[in-house]
Amino acid sequence: MIITHPESNIPRIGFIVILEHVRRSKLSFSSDVEQKQALKSDAENGLMRTVSKEFTPPDGGWGWVVCFTSMLCNGTVFSIMNTFGILYTFLLDEYAAGDSEISLKTSFVGSVSTGLTFLMSIVSSILSDRVGIRQTAFVGTLFGLVGLVSSAFVTELELLYLTFGVFLGIGAGLIYSPSLTILGHYFDKHMGLVNGIVAFGSSLFSIILSIALPYLLKGIQVKYTFIVLAGMYLILVFCTLTWKPLIPKQSNLAALTLSKESVVEHVNDCCAFAKTFLNTKIFKNKAYVIWAVSLGLSLFGYFVPFVHLVSIL
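For the sequence shown, the UniProt record's numbering gives the first residue as 1, with consecutive numbering after it.
Wrong hints could be hidden among the right ones.
Unchecked claim - Okay, the calculated beta carbon distance ranges per label pair: (1) 93 - 285: 46 to 52 angstroms; (2) 191 - 301: 39 to 45 angstroms; (3) 189 - 156: 50 to 56 angstroms; (4) 204 - 129: 15 to 21 angstroms; (5) 102 - 207: 46 to 52 angstroms; (6) 241 - 129: 18 to 24 angstroms; (7) 184 - 115: 23 to 29 angstroms.
Stated by the list, open to error - Below, computed lysine-lysine pairings styled on DSS-like, alpha-carbon distance capped at 30 angstroms: (8) 218 - 105; (9) 281 - 189; (10) 189 - 244; (11) 286 - 189; (12) 244 - 281; (13) 284 - 189; (14) 223 - 105.
Worth flagging that the hints you see were computed from the coordinates, not collected in a lab.
Note that beta-carbon positions come from the ideal geometry of N, C-alpha and C, so glycine has one too.
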């Protein structure tokens, strides 16, 4: 008969106690993580519910001033873009110098500006959400102003790619999207009317500038015509200052700081950047994808007449 001393069970009991402590720690940690994730979700959903319930566009008041200044911005941006064909014919004479490829080189100036205007619209939308609508548009007016003023003092055609093409294109792109986004802060019931007024600005200004631009180019030459166009952008500097956002920013920074686990989760996510700055879910909508692709393809030929029709006539 073997008699076991009671103290021989002490290591076994201690091991069982340790296992039980580890198990309870895991359960406690899992509970904490789930609780923090639930708090994070509640914080995000609560913020969205608060914004949607409390904010109502005024549908008037200062909004009509915003509508007018947005119309001026759209009109200025697109009238300069749409009337580049008139400027193109004078640039041919200004920089011809017997170059057989001068037509291609000159048209490329307008192409760079137009292309960057729409390409930068993606960036300006992100900046409008992250930095601010008014700040983004204000920086855009400065880019356009610098681009047009510097274009007046350019002596070589290739430098216009930088001044008129890159600087003006970036500036126009940073103005265009915010000029439309700000309308949603002030209008709901009259949104259709307001959008029509703003869009009408580009048509109205294009008609006026197409009539005035030949007289300017013939009377004061290309250099001072660029100065006049820069003056139009100078007015936009003050127009963008009227765009005071009313909808509070929806930021997830507070939710991200609830726990270290949530921060690690977002850092390890390879798509965190895209999910943070871009609404990738919209690309699951087939109708939207078809519309976006077809619209993009149509723009390949849309601006060709604006540039080359004038020289043909």
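Worksheet item: Which earlier hints can't be squared with this structure?
Response: 2, 4, 5
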